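Residue numbers (the numbering used here), protein chains in the order written: chain A, 1 to 278; chain B, 1 to 559.
What the hints contain is simulated information worked out from the structure, not anything from laboratory work. Note that this is a predicted model, so its numbers are computed, not measured. Errors might be hidden in some of the hints.
Restricting the straight-line Cα-Cα distance to at most 20 Å, the calculated cross-link-like pairs of lysine to aspartate or glutamate (EDC-like) are [as the list claims (entries may be wrong)]: (1) K394(B) to E317(B); (2) K42(A) to E429(B); (3) K42(A) to D425(B); (4) K42(A) to D334(B).
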Amino acid sequence: MYQEVLERFLRHKVAVVGGVALCIIILAAIFAPYVSPHDAFKQDIANTRQPPDSTNLFGTDAFGRDVLSRIIWGGRVSLAIGFLAMLLSSVIGVTIGSLAGFYGGGAEWLLMRLTDMFYSIPALLLILILVAVFGPGFWMTVLAIGLVFWPATARVVRAEFLKIRSEPYVEAAQALGASPSRLIFLHFLPNAMAPLIVQMTLQLAQAIVLEAGLSYLGLGAQPPFPSWGNILAEGHMHLRTAPWIATFGGVFIWITVLSFNFIGDGLRDSLDPSLIGR
Amino acid sequence: MWKRSNSIAISIMVILLAMALSGCGPADDPADDEEPDDPRYGGTITIGYISDVNYLNPIPRISAVDNMVNAWLHDSLVVIGPDGDPQPRLAEDWDVSEDAQTITFHLKEDVKWHDGNPFTAADVEFTVYTILNPNVESTIRPHMASLQGFAALTDSDGPASPDDLDVRPVEVIDDHTIQFNLSRPDATFIPMALSRGIIPRHLLEDDIAAGKDLSETDYTLEPVGLGPFQFIEWSRDERIVFERFDDYHEGRPFLERIVYEIIPDRSVASANLETGDIDFLWEAAPAAWSGLMDLDQIDHDISDGLGLSGVFLNTEEPPFDDRRVRQAMRYALDMEAIVGEYLGDGMSLASGPIPPNIWAHNPDIEPYPYDPTRAEELLAEAGWTPDSDGVMQKDGEPLAFQIETFDFATERQEASIAAQEFWTDLGLEVDTRWVETTVLLERYNSGDYEAAWVNTTGDIDPAGTFGRFHSDNIDSGNTTRFSHSELDGILDEARQLTEQEERRPLYWEALEILHDEQPVLWAGYIPNDYWFNEDLTGFVVTPESEGLFKHLHLVYFDR
Numbered sequence: 001m002y003q004e005v006l007e008r009f010l011r012h013k014v015a016v017v018g019g020v021a022l023c024i025i026i027l028a029a030i031f032a033p034y035v036s037p038h039d040a041f042k043q044d045i046a047n048t049r050q051p052p053d054s055t056n057l058f059g060t061d062a063f064g065r066d067v068l069s070r071i072i073w074g075g076r077v078s079l080a081i082g083f084l085a086m087l088l089s090s091v092i093g094v095t096i097g098s099l100a101g102f103y104g105g106g107a108e109w110l111l112m113r114l115t116d117m118f119y120s121i122p123a124l125l126l127i128l129i130l131v132a133v134f135g136p137g138f139w140m141t142v143l144a145i146g147l148v149f150w151p152a153t154a155r156v157v158r159a160e161f162l163k164i165r166s167e168p169y170v171e172a173a174q175a176l177g178a179s180p181s182r183l184i185f186l187h188f189l190p191n192a193m194a195p196l197i198v199q200m201t202l203q204l205a206q207a208i209v210l211e212a213g214l215s216y217l218g219l220g221a222q223p224p225f226p227s228w229g230n231i232l233a234e235g236h237m238h239l240r241t242a243p244w245i246a247t248f249g250g251v252f253i254w255i256t257v258l259s260f261n262f263i264g265d266g267l268r269d270s271l272d273p274s275l276i277g278r
Numbered sequence: 001m002w003k004r005s006n007s008i009a010i011s012i013m014v015i016l017l018a019m020a021l022s023g024c025g026p027a028d029d030p031a032d033d034e035e036p037d038d039p040r041y042g043g044t045i046t047i048g049y050i051s052d053v054n055y056l057n058p059i060p061r062i063s064a065v066d067n068m069v070n071a072w073l074h075d076s077l078v079v080i081g082p083d084g085d086p087q088p089r090l091a092e093d094w095d096v097s098e099d100a101q102t103i104t105f106h107l108k109e110d111v112k113w114h115d116g117n118p119f120t121a122a123d124v125e126f127t128v129y130t131i132l133n134p135n136v137e138s139t140i141r142p143h144m145a146s147l148q149g150f151a152a153l154t155d156s157d158g159p160a161s162p163d164d165l166d167v168r169p170v171e172v173i174d175d176h177t178i179q180f181n182l183s184r185p186d187a188t189f190i191p192m193a194l195s196r197g198i199i200p201r202h203l204l205e206d207d208i209a210a211g212k213d214l215s216e217t218d219y220t221l222e223p224v225g226l227g228p229f230q231f232i233e234w235s236r237d238e239r240i241v242f243e244r245f246d247d248y249h250e251g252r253p254f255l256e257r258i259v260y261e262i263i264p265d266r267s268v269a270s271a272n273l274e275t276g277d278i279d280f281l282w283e284a285a286p287a288a289w290s291g292l293m294d295l296d297q298i299d300h301d302i303s304d305g306l307g308l309s310g311v312f313l314n315t316e317e318p319p320f321d322d323r324r325v326r327q328a329m330r331y332a333l334d335m336e337a338i339v340g341e342y343l344g345d346g347m348s349l350a351s352g353p354i355p356p357n358i359w360a361h362n363p364d365i366e367p368y369p370y371d372p373t374r375a376e377e378l379l380a381e382a383g384w385t386p387d388s389d390g391v392m393q394k395d396g397e398p399l400a401f402q403i404e405t406f407d408f409a410t411e412r413q414e415a416s417i418a419a420q421e422f423w424t425d426l427g428l429e430v431d432t433r434w435v436e437t438t439v440l441l442e443r444y445n446s447g448d449y450e451a452a453w454v455n456t457t458g459d460i461d462p463a464g465t466f467g468r469f470h471s472d473n474i475d476s477g478n479t480t481r482f483s484h485s486e487l488d489g490i491l492d493e494a495r496q497l498t499e500q501e502e503r504r505p506l507y508w509e510a511l512e513i514l515h516d517e518q519p520v521l522w523a524g525y526i527p528n529d530y531w532f533n534e535d536l537t538g539f540v541v542t543p544e545s546e547g548l549f550k551h552l553h554l555v556y557f558d559r
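Kindly generate the complete structure, drawing on both the sequences and the hints.
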């Protein structure tokens, strides 16, 4: 089956392009200290806002730092926040969604109303309140985005569990006396994986955009640490005199988010069980 | 009462909202009743600025924006003219006694409040007692310290009544004559204490007698003043609208309306000026200057001011309670580069708190040079040694602090980031943080901060500026909480003198001490910058940056 999924994914051209672009960006971020052409933190007041040339391919920023190097390092922060926030939201969402979908009844009612409650708070507002109370920073950004995203995951997981609950193989396992944890981990979760993976991919993209938005407002990653969002924010003050700073920062957010969305599309099509085996 | 919002969240929402709304500024009022004989009358001026006022009331004077907006609504006995000297405004003239301790003001007759009531000496008396009242928040109070009975009247543990005093500080002679009795000669009293707005006794007397602060009165919602423009409406964090007051005592103002538009993002404000959505911008972001200067439809006026930009240090708490640490911080900065690159073309490097256009400036004092080696030596003298990572340590504690500035002040944010790098090179651990204006101001004024990049407006008389380093004022303007007994003595002595030639040597000595002590890492002297629609004319520029707004009744559209 995995063979087949992979083949179908590879037939999805746009998803493959997205995957390749993303691999390059992720590898560059991981190996930032080795691949970035200059020191991303070293300021040089004598060399600020220089347009792109052969030494600084993407030009320099308002502090004379190499924009390309900062984008590579910024990718670390932006991607790390995206991944971690997505993981956090998945852990909470899967737990709550599984419990609600598996047990049903009063527990389900309670858990889903809690989910609805979180769902009904505007995301940006919740994040702004959290950051205002606890102060901005890397982990606060992860926490804030994770807390905003989990209700969507919980709903997806619960909906899948409801479908699975009435499948004959589940009834068979139950009749054989399988424990709830065995049922959840061996029967329910694996079968709910396809929509969950798609959901996680799309959330990752949303998390990166949200991080950029927060950093743009000065509430995400804090200087001198670069993230794509604060590169964009620092660049916006100099749009007239040094448009390359914000432009390149924005382009990388754009490519990354687009890639994740393409991959999500590709995964959705290739993981769709109604198409498998045809 | 207005609750001051202290949440970043709320302010961000407001910013987003304002950004959405700022594209649709109001058009000129078509209902202008044009004066057929004089084309100068009529028109609406839209003035953009980053923040809302705290109070539509001249007494608290929390920030520069309060001073600006209240200048249209309210009026004062004297105003500071272009030469920096006080001119009569609500006063016809005044006499000063031989011993300089009795000042008699003759007030103009037939001056009316916006509600039609007559203005009399009783209003002036009421205003002075309100400022002296310890229940009332006012930054003007310290400027009245030379009045008779000041200490007894302002005692927060039970202020005296003027009736209990041997000599009253203010005496109403008749409806249009009022006398101020000073306990010592004070050259700053007229320019500093009497250039502030007068409030109406007939509307506020009961509230103040009931022990209320001005912010708790209904008056702040519908203020009535003596100024050239009267209040129409206030949409909090959005706009305030004023209309000309036809019975203004200096003559009918030319402009029909003032719309004060709050635009929290300064790059948006510059763009709004460019497109004509606003007519006037004060304090444009330095990064926008070159772009604005290239525009034909925008005129500008840039002149020497009184303001000052610098890193204010809380000298009460470690590590900045040690002078050597403060000096090291300053030596570590290439301030010339920081000022030139980030704080704007119009700013010149500062050596201390008094700019060169003020007579007390000491030209012999040079700004600290950029000398990282000297900085290391000073830290070593103070007992700080680098650990294996190069971070300066003392008794196991790293030399770490947070530098803050306002969330709108992009140029100071950039300057802070540049300074952070210089300090990191020296082995300090520095965090930067951008904070919502009212939140940071409140903490900064109460000493709840470590280091802050702040712009201050200077006082027209150097005594006011120096007062910010006097230990008597630690909770009222001495934001660095600086305490130095020798400096206190010099300032006390200078306060007794009225002649500039006698005061100057003392102030020069005070500047030497401040230069050595560095409670503030002085960066640059801020010029006054105004940007406006080329059709506007008649502005009167004074050394006080908000001074221009006290002469707005003379401005008109020359179309």
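Which earlier hints turn out false for this structure, listed by number in ascending order?
Violated hints: none at all, because every hint is consistent with the structure.
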